[in-house]
Each structure stands twice: as structure tokens, then as C-alpha cells.
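Take the two lone chains, each set in its own frame, and fit them into one complex as the hints suggest.
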Amino acid sequence: MEAEANSGSPEDSWAFIQRPGEGCRTVPLAGHVGFDSLPDQLVNQSISQGFCFNILCVGETGLGKSTLMDTLFNTKFEGEPATHTQPGVQLQSNTYDLQESNVGLKLTIVSTVGFGDQINKEDSYRPIVEFIDAQFEAYLQEELKIRRLLHNYHDSRIHACLYFIAPTGHSLKSLDLVTMKKLDSKVNVIPIIAKSDAISKSELTKFKIKITSELVSNGVQIYQFPTDDEAVAEVNGTMNAHLPFAVIGSTEELKIGNKMVKVRQYPWGTVQVENEAHCDFVKLREMLIRVNMEDLREQTHSRHYELYRRCKLEEMGFKDTDPDSKPFSLQETYEAKRNEFLGELQKKEEEMRQMFVQRVKEKEAELKEAEKELHEKFDRLKKLHQDEKKKLEDKKKSLDDEVNAFKQRKTAAELLQSQGSQAGGSQTLKRDKEKKN
Amino acid sequence: MKKRQKKNGGSPMDPLRQSPSRSSSRASSPRTLPCEMLGYVGIEAVLDQLKIKAMKMGFEFNIMVVGQSGLGKSTMVNTLFKSKMWKSTMPGLGVPTPQTLQLQSVTHVIEESGVKLKLTVTDTPGFGDQINNDKCWDPILGYINEQYEHYLQEEILITRQRHIPDTRVHCCVYFVPPTGHWLRPLDIEFLQRLCRTVNVVPVIARADSLTIEEREAFRHRIQENLKTHGIEVYPQKCFDEDINDKILNSKIRERIPFAVVGADREHIVNGRCVLGRKTKWGIIEVENMAHCEFPLLRDLLIRSHLQDLKDITHNVHYENYRIFRLNESHVLPRGPGWVNLAPAPVSVPAPAGPQANPVPPKVGGWAKDNSDEEC
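Residue numbers (UniProt numbering), protein chains in the order written: chain A, 1 to 437; chain B, 1 to 375.
Same shape as in the complex, but just chain B (with noise of 0.2 angstroms):
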């Protein structure tokens, strides 16, 4: 059966961690005989009661979105799945500005021609507002953790549901602020922390306010800069499956970060409906490819690579997840909160770079965990 390929050779950082090579030759498989099947048997129907099973127990997806206030996370929820999971957040003149990160999440159902989604967002209001934003992402750290935390516990039960229910972050759409330069040592940060744990497209935000060639020379800018870092953002190259993956995915990769606007307001454009921003020189049309590139972070993360989303998750993120929980397991002391499953890991120093400082634990147990993981 074809898997995943993994590179083996690929990897910079840390060689003892590698996630689970899914070569397409499986010591395991018996020897097959390959057999020449002389009429219609009807193996294919088999693809009609996937469907079906899957239609009926509905889909699952959660979505991060990390960016400072203002960038327009809420607005780009809404837009994406136009509906209003959020009221676009604005802060009014007497609320204070929050003091520490806080994660919110929020659940919908949402169904299209009988294909149902179970779609929740998290949103991280006051990430980087603070003047000291050190360490502003252990919090997100902590929360994908623990999510994997919840499925590995209900996975290793000895009764165990039949279908755990999936609250790990597919995906993380990290909002880059459209400064037109480089991406500043905090997006650097982050970006290399998560990229490891989770799947991360970054996005330019509020792309509006640059014009095509500012835009272009921003998107090189920005992907030298993730080379030059080692982050490999979401469809990570060392997945892909075939030819025609690597060739989809290059085209993808390509224009990564997408630059989109975000819009929850109807205007007339020619006649038609079209959700745009309105200014005094024009309407920016969201769904207009000239305009700005929201069709194409739609259509991935909607339209063609959910699944694959979702499959990488379970498949490497959750594994390396596992690995070095299921190591650790007898180099962490027995204390007295020993039986309960220890609620916080020590952390494992930050990737080597540069910016290389081990983290230390924190008090208190919000459970976070800097594991080296490669994809």
C-alpha cells in the first residue's frame, strides 16, 4: 500500500528525533501475488461505503489562528466559512487591553449537501500585544499539547470509545502583519517552535494596504527568511507522496505566504453580490484573485487539503507526540502527582539556533512541552 515517504536525509536540526518513516516498502507485508481478476467483482463499492459510513458520522476540524490584535483573525474566520463564528472583536474605548494570552475557543456545526463539520476555531487574543512578549507562545504550545494529551489518554484506555473525539489543532494560520520587510524576530520564534508541533500556514494579513510588487517582494522576503530558519510551514516537502503531490504542492509552495484580505460585508460590484471591502478609491473584491490571494488559502484549507491536514496531524504530529511522551514516561521522577498522568512535562530545551535557550518548567502546571519534533 503507498504511504508517505519520508526523506530520511532531510532533516537539520535534531537527528534522534525523526518522525515515523512511511516508506511505501513495508517489512510487514506478506509476499503478494498479484492476480488478474476476469470480470466486474464489485471491490469498488467499497469506495461508495466510505462515503457513506463518513457522511454519516461527520467531520471534524479545528483551526488556530494566531496573530496580533488587529490583524483580522476574526474577520478572516467569518470570511472563510462565511458564517459568524466570531463578532468581529473591537475593542471598545474603556475595556482594557488583556494582560496575558488567552485562548478561546469556539464550536459550530456547520453542514453543506449533507456533509456535516464540526468546525472549532481558537482564537489567541493578546498574542504579542504585550511589551514583553517573551515566551508568548507557550500558552499555544500548552493548549496543542494538551489536546494531543486528552486523545493519547483516552487512546491508551483499556475500554476505550470507539470514536475518541479529535480536539487537536489541524492547522494554525499564523497572520503575518503586513510590514512589507522582513518577518520580525517574534513571528521567527514562533514560527520555528510550532512548526514542529503543528501544521502552520502563514498568511500576510490585511494585504490590502500593499500593492502588488510590494506584495511579491514581501512573499521572497518572507520565504527566504523560513529557509534561512529551517521552518518548513504546511505542505511540508518531506511528505510528499508522488509526483503529483510534490508537483501540486511546489505550485502551492510557491506562493506561500498567501496575502488575503478578509470581509464579511456584501457589496455591489457590477451587478453582482461579491464580499469586499469598501474604501474611497475602490472595492478590494476578497474572492477576486487580481485583488487578493483568500481563494487560494480557502481552497487549501478547505476545498483540497483538509483531509491531508487532518492526516498529518494523526500520523506525525500526534505520533512524535506519543514517542516522547511514551519515552519520558521513566525519566520523570515519581512524585506524588505520579498516578494521575503527570500533568507537566519537562520541557525539552528549544531547538538549536540561534536563538537556542532552554526553557525552563513552568510552576503551576499548565502543561507545555518544546519537544524537538521534525517533520
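The shape of chain A in the complex, shown without the other chains (with noise of 0.2 angstroms):
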């Protein structure tokens, strides 16, 4: 059987469309075909399937995390301000339904609480760290279950996270350096500098410089806006430029001009939030969603998963090629480790077994024992009965000689008498008997 399939050979990685030369010529049409639809039918497939976009905020308490998202979203998501005495960093989760013309998004927002409250700060990245491995595994999980069901999974791994600089206007706090750098290769991380009114124009300029040059020696690698497409990548390079952002949040509006805009007020001045002049907010919205959205999401399933599966796959003890070099099979491995697996619920299995053996017969025991205490106390019951019934008998033995007795008193008395009143004197007789009676 010859099939000379030219398409699928395993050096191609990348945009296989541009090499026609291994193998596939270039043909020209003599007409229109149609199929520059296609674009426009993978949208509506995309919009009937719903797309999920999910954000971490990273930051201290009280830099403005929710209010951020607030404004970026142009809406009131629920929630009130945490307080400073969290005992450790905690992960909070809610998702939403947001719905522009026809698109929809499921909005997940998750936001750590409590962090950098700590006296002891040593372990507060590790929740973080932990929760987006969550969500790696979870999908793992589900891709590598036989009966699985992707095109329906609800992706809850995270796609951003936004790092929340504190505006000190000096340079990074350590535990800003230690946690992104845990987090840079797990995660797309956009470091932004909250609260960005408290810094004056100048102070931000260097203070952006010091950020960048502080997470570049320290080797951190903070998410660059993609620049190898044509359509986006001046604005993107230009974007990139710019970071970190300093950002204002705020959902408080304030007529200016005709518009409704949101502001915040201060005595000596009113900041906008939609102002380029006055903050990067704009360009943050611009880059986070409607630019780069497809971007992120893209870069977390084939950059950052894939590592984190790689990772978890190799430690699982799967490889690619044994030392024979020949192709492993994951079938293999499936089966050793399926093997194991039964084994193990064999033991397990045996050791309830043996736990309810032994269970049974102490029950049984028990019930022994108890019926030999009935039995006991029925026999004494019995004796104690039969011990009444045989006084009893002897009262009433002893009642009746008496009985006996008194009647042959009675008629030997009756017989003297009788004899009595023979000899003389009836009234004496009578008198007696009166007497007697």
C-alpha cells in the first residue's frame, strides 16, 4: 500500500504554510472557491464556543487590586476590602459572566489575600505557586484521562498575572524580586505600578528604569507583548517600551467637558483614569484586552503548560526514548504504573478483608457472651422459682396437718360432748357449748 502523504513530516514545527517546497506546490485557482470563509467560520465556532480569560493579581493589601479590576472591567464586581490580619496568603476566586455584542467571556479573577502582611514573608509565594500548579494539573489531568472531554473544559489556568508594584517611587521590595521571579516561569507576569498618582512625573520615569533594570540583573523574565506579527507589532514594541505601567484605578465618574469620566479627586487636582497624560491605564486595557488577549492565553498553553507538563510527565517516570532508543511507549509506562496501582487496591483490598474478619469475630464474641449471660441468669431465675414453689409447698403442707388436726380435736371434742349429755345435765351441755360457741 503506497500513500504518499507529503503533509505531517515531523520536521515541520512552525508555519508550515510558508515552505511549499517539501513537497506541496503552490497551485493558482482559475475562480473563487470560497474558502476565505474560513476565518469567519473558526470565529463563529469560537463564539459558540465562549471564550475564558483568567487573571491573578498578585500584590499587598490595599494597592488597589479589585478597584483595578473594576475599572478595567467597567463594572462592579462583588467583594469587600480584606483586612491586614490574614495569618498567611490566601487565594481568592470568582468567576463571571460577561457578555459584549455576541461574545461571551468567562472572567475569572483571582486575587491574593493578605499578601506581604506577614511579619515572616518567607513563604508567601508558595500559595501562589501552588495554586497555578493546581490548575496546570487539573488540565493535565483531564488531557491525559481516556474518556476526556477538552473541547468542554472549563480552562481555569491562569493566563496573566499582574503583579502590583507598591509606588514607593525607590525600587523593588525583595519579596516583589522573590516572588516573580518564582513566578516568571510559570505564569505570563505584567508587573504594573499601582496607585501610580502618588508619584510625580519625574520620580516615574526613573523609578520605571530602576524596576527594569533591577528585574533584568536579577534574570526575571516578565512577559513581553509579541512582536514577530506585522499587524501588531508596532504597537506592541512601542508597549513594551513602557513597561511596568502605572496604572490608577477607580470607578468613582465625574462630568468633564460632556462626558462622564473616572476620576479621582483630590483638593489640589483631578487625576483621570482615561487620560493618557496622567496614567498608563489606557495602554494597560489597550495591551491586556484588546490587543494581546488570544496572545496570553495562547502563550499559557504552549509555553508554560507544556514546561509544566514536561515536568510532571518526566517525574512520573515517562520518557520519550529508553536507552535502546527506541520509541518508549506511554503505553508501557501506562501499564506498569496500572499494574501498581492494582496491586496497591489488591493490598488494600486484602487488608479490609482481614480488618472485617477479625471484626466479625469479635462481634461474635461478644454475642457468646451475652447469650451465656442469659443463660445464666434464666437458670437462676428457674432456681429461685422452683426454691418459692417448694416453700410454698411446705407452708401449705404444714397448714394442712393443722387443718387435719384441728378437725380431729373438732370431733373427738363433739364425741365427749355427745357422751356428755348422755349422763345428765343437757343445760350444762348447752351451757358448755354456749361456751364453747
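Derived by calculation from the structure, the hints in this document are not laboratory data. Don't be surprised by glycine CBs; every beta carbon is placed ideally from N, CA and C. Treat the hints with care, since some could be wrong.
Claimed, not checked - Just so you have them, the derived chain B footprint on chain A, three or more residues with Cβ under 8 angstroms:
{"id": "1", "segment": "46–59"}
{"id": "2", "segment": "376–382"}
Unchecked claim - Simulated restraints on C-beta separations:
{"id": "3", "chain 1": "A", "residue 1": "113", "chain 2": "B", "residue 2": "254", "range": "53 to 63 angstroms"}
{"id": "4", "chain 1": "B", "residue 1": "40", "chain 2": "A", "residue 2": "217", "range": "37 to 47 angstroms"}
{"id": "5", "chain 1": "B", "residue 1": "289", "chain 2": "A", "residue 2": "134", "range": "51 to 61 angstroms"}
{"id": "6", "chain 1": "B", "residue 1": "254", "chain 2": "A", "residue 2": "134", "range": "42 to 52 angstroms"}
{"id": "7", "chain 1": "B", "residue 1": "161", "chain 2": "A", "residue 2": "356", "range": "29 to 39 angstroms"}
{"id": "8", "chain 1": "A", "residue 1": "144", "chain 2": "B", "residue 2": "254", "range": "41 to 51 angstroms"}
As C-alpha cells, then:
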């Protein structure tokens, strides 16, 4: 059987279309075929599937994370401000359904609660990393299932991590550096300067330069907006130079001119959130939502998730090739694991069975004891009953004897009296009789 | 998120093998709160981002044409894609007919309005041409399963590629000869086996030999045949998502199989240049709905349902194959060839039906697999 399949050679990895020289030739079309509607078909299918986007906000309490989310998505998400007295860092996740024209978005916002509040902050980053890993793990589990529902699966992997930097104006805190270093290989990290209305313009430029140099010198890889596609390369390129964005969040509105604008009001002036001269909020919104949402999702899936998957599978003992360099069978390792697992299950079953048998024995013994006791009691009662009966009988016998004796005496007495009356003096007899009666 | 619904009660054959139920209420999704947005945020810009990404990546489509020789398969492909994919094969006098079924694949890149499509057409010369056509579908099934196998292999690698090349057959166009009577036993056998593994679109080939009334009668009889034998062709009823899809797809289902005529020559009719076949009694215009239903086929395959074909192949047929493969891996005995992922899975008996006969495994490893798959 010959099948000259030219496509699918393992050397193609990337844009296979760009290199038609590998055996596919470009054929000119003699007329309109109609597959230029393909992107629309794809888009329609994506619309019916819906989109999902997960943002993780990491930052100290009070830096304005929830307010920024409200401002970004033009809505009021539920929630109350957290206190500073949390014993450890916890992550709070909320999912919202947003709808804009015909696009439905399932937005999940995860926020760190209590970050940076403890006295000892060594382990602050750990819950965050564990959470991100847990989402990858859930997806990996679903992917490895035999019967899986991947197209139905609600993707909970974090697509973007907004790291809120406190506006000190000096440099990054060591907590920030440590946390960002731990996160950069797991998630797309986008650092932003929060509450940036506390910094003046000149301080801001210096602050940004300091932050960028510190990140570079510590080897922290933050997310760079992609510049390989001509459509967005220019925009992304200029934006990359403005990182980290200095943002302000606010939900209060004020009428300026004839529009309602989101502002923060101070005695000395009003800060407009959507004014590019005042802060970088508009840039953040552009980059995060309007230009690069899809790229963020793709990077999460193809880079971070693949890395996690590779590490996890290697940990579990799967390999692509074994020492003889024959392709290793995933099935074989699966089977080994399955046997192991079955063995464990069997052991457990045995243990349980043994325990069960033991318990049954104990219960039986108990029951036997109880039965014995009952028998004993019964015997005792019976004996008691017999004793009583005997006593009664004795008593009855003695009573009978007495009655008999009495009867004898009575007859004897009557006989005497009848003899006496015959001798003389019935009156005395009567008198005796009366006396007797 | 709205997904495809599967009506679980509708599988007539094997209750054990069902496609993954694509219900819209998912156990794993978290509690969501609907939120009103008070202003424009710009979420719908993600659609444009998707489009840009898709146009950069390009699209892939793999189509297979099956039918006896002389039914106009190559011409049809050329007409569909308006280019010379194949040279129309006309066997010369000295060329022997192929003794066994051979599959031939050819790949081209075509571009239209900036959209690049990598099209692979697989032809099956020799199908149904022998005297004894028993099991002539096996090589075809084998080829289809081999493509699934390749994809599965790539997917389970530890370090896998960013974009796995998709060689799976998305659509199989089956050419029914225009006898005008019924589906032949060969057709029925083939369709039964294939509709579980791949999306099948039957067409009545060379429909210019039938009059309009004969066509309609033939179509109805074929539809009855398909229903009697439980053959679900594309678009499958069980995958209709919502009422719009149902309406759209029922209209298509009424007209299946399309009566098509293929032509790659142009003629002048009424001053216009049209593709057609010229005969002594007139010119049959291929793109004229009054003459033949080629436009319907083209619209179905290319303009409206191409993405859908790919989706069903990926989400249903490929998943079924994967389930089957991963389940049977512990059933196969470990032989010397086990370390390489076993090339020849044992064939599962053919679907229950009047012609049920278990197919023995073929020696010499052409991976074929008659898994009972439901749609």
C-alpha cells in the first residue's frame, strides 16, 4: 500500500504553510472557490464555544487590586476589602460571565489575600505557586484521561498575572523580586505600578528604569508583548518600552466637558484615569484585552503548560525514548503504573477484608458472652422460682396438717360432748356449748 | 460555554461505544455570576486577534474521494478547488488496471484573499474495480486510522510540537454510481463501516445521465437505504447544537446525496464563460443549480461547513479512536514488537447488522481497525 502523504513530516514544526518547497506546490486558482470564509467559520465556532480568561492579581493588601479590576472591565465585581490580619496568604477566586455584543467571556479573577501582611514573608509566594500548579495539574489530568472532554473543559489556567508594585518610588522590594522570580516560568507576569498617582512624573521615569534594570539583573522574565506579527508588532513594540505600566484605578465618575469620566478627586486637582497623560491605564487595557488576550492564552497553553506537563510527566517516569533509543511506549508505562495501582488496590482490599474478619470475630465473641449471661440469668431465676415453690408447698403442707389436727380435735370434742349430755345435765352441755360457741 | 449536544438515546448499535457527550451543562465549571458591563471594554477585539492568528497559521484540510473508477472523482476535485489538482485519469489502452487498491495523496497550498489553505486530497483508484471486492474498504480504513495514529503519537510525546500537523481525513466524499435504483451492497457495506470513523458525504456521481425526476426518486431511495441500515452521514443529526443548526442541517440532509456533475472545461454560454460539459444536446453548466447540485456540495464542503468538519473529526472521531486505543493497550499481549507502539491493533468485529462477520487481523501490519464507533 502506498500512501504518499506529504504533509505531516515531523520536521515541520512552525509555520508549515510558509515553506511550500517540501513537496507541496502552490497551485493557482482559476476562480473563486470560497474558502476565504474560513476565518469567519473559525470565529463563529469560537463564539459559540465562548471564551475564557483568567487573571491573577498579586500584590499587597490595599494596593487597589479589586478597584483596578472594576475599572478595567467597567463593572462592579462583588467583594469587600480584605483586612490586614490574615495569618497567611490565601487566594480568592471568582468567576464572572461577561457579554459584549455576541462575545461571551468567562472571566476569572484570582486575588491574593493577605500578601505581604505577615511578619515573616518567606513562604508568601508558596500558595500562589501551588495554586497555579494546581490549575495546570487539573488540565493535565483531564488531558490524560481516556474518556476526556477537552473541548468542554473550563480552562482554569491562569493566563495573565498582574503583579502590583507598591509606589515607593525607589526600587522593588525583595518580596517582589522573590515572588516574581518564582512566577516567571509558570505564568505570564505583567508588573504594574499601582496607585501611581502618588508618584510624580519625574520620579516615575526613574522608578520605571530602576524596576526594569532590577528585573533584568535578577533574571526575571516578564511577559513581552509579541512583535512577530506585522499587524500588531509596532503597537506592541512601543508598549514594551513603557513597561511596567503605571496605573490608577477608580470607579468614581465625574462630568468633565460633556462626558462622564472616571476620576480620583483631590483638593489640588483631579486625576483622570483614562487620560494617557495622567497614567498608563489605557495602555494596560489596550494591551491586556484589546490586542493580546489571545496571545496571552496561547503562551499559557503552549509554553507554560507544556513546560509543566513535560516536567510532570518526566517526574512520573515517562520518557520519550528508552536507553536503546527505541521509541518508548507511553502505553507500557501506563500499564506498569496501572499494575502497580492494581497491586496497591489489592493489598488494600486484603487489609480491609482481614479487618472485617477480625471485627466479625469480635462481634461474635461478644454475642456469645451475652448469650451465656442470659442463660445464666435464666437458670438463676428458675432456681429461685423452684425454691419459692418448695417453700410454699411446705407451708401448705403444714397448714393442711394443722387443719387436719383441728378437725380431729373437733370430732373428738364433739364425741365427748355427746357422751356427757347422755349422762345427765343437758343444760350444762348447752351452757358448755354456748360457752364453746 | 455552549457545546455540542449529544442525544444519548439515539445510538442503535453499540451502547458501549459512544462519543463523548457534549452537553452544555458541565460539572467542572465553577459557579459564575453574570455581570453587567457599564461601558465598552473591548472584549470583542479578541475575535480579530483570533482571525489574525488563524490567517498567519494557515488552514489545513484533508479530503478523501472514494468511488469506482470512471465516476469522475478527479474531475470533481479539480472542479471543487478550481485548479488542476489531478490530471483526470483516463486509462490508456496498454495500462493494466491496478490489482489492489492503492491510495494516493497529493498536497497543494492554495491561497485566496490572504487565506492559505493546505489541501490534501487522497484518491482511491482501484476501489470496487476487482471481481472480488471483499474487504476493499480495509486499506481505506487502515489509512484513516493510520492518520489518527500519527496524531495520537504526536500528542502523547513528552516534548511535543507546538502545532501538530493534522493529516487526519476530515471528510470522505463517496461517489455513488448513477444506477437510478438502489445503493449496491458494496456501497452499503462501505458506508456502514466508514460513517463511524470519518465524516462521509455521499454524492451521486455523473448525475447528467439521470433526468430530474429520476434523480429525485434515486435520492429518496438512497435516503431510505441509509436510514434502514443506520448509516449516519454528515451532517450527523446527533451533533446539531441548537435550533439554527438543526434547521440549516435538516435542509442539507433533505438533499443528501447531492447529484453532481464535474467539469473542468470552460464554454461560452449566453456570452458568459462557464464550467460545463458539452454534449450534442446542450451544455450542462456545473454551477447552475437547475442543472446539478454541485454548488450545494461546494458550499457545504468549503464555504460553510469546513471548520465544522474539522471540529467533528477532532472532537468525536479522533477521541473515539483515542479511547479505543488507550483502552486496548492493556488487552494486547506483550510481543516482541511491543516497545514500538503496536502497529496493528486487532480488529474489533464489524458493526452488528445483517452482514456481521468478524474481520481477522491482517498479517503484515497495515494498521486497520474496525472499531464500533458511534456518532
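Check your understanding: So which hints don't hold here, by number, going up?
Key -> When the structure is compared with the hints, numbers 2 and 7 turn out to be violated.
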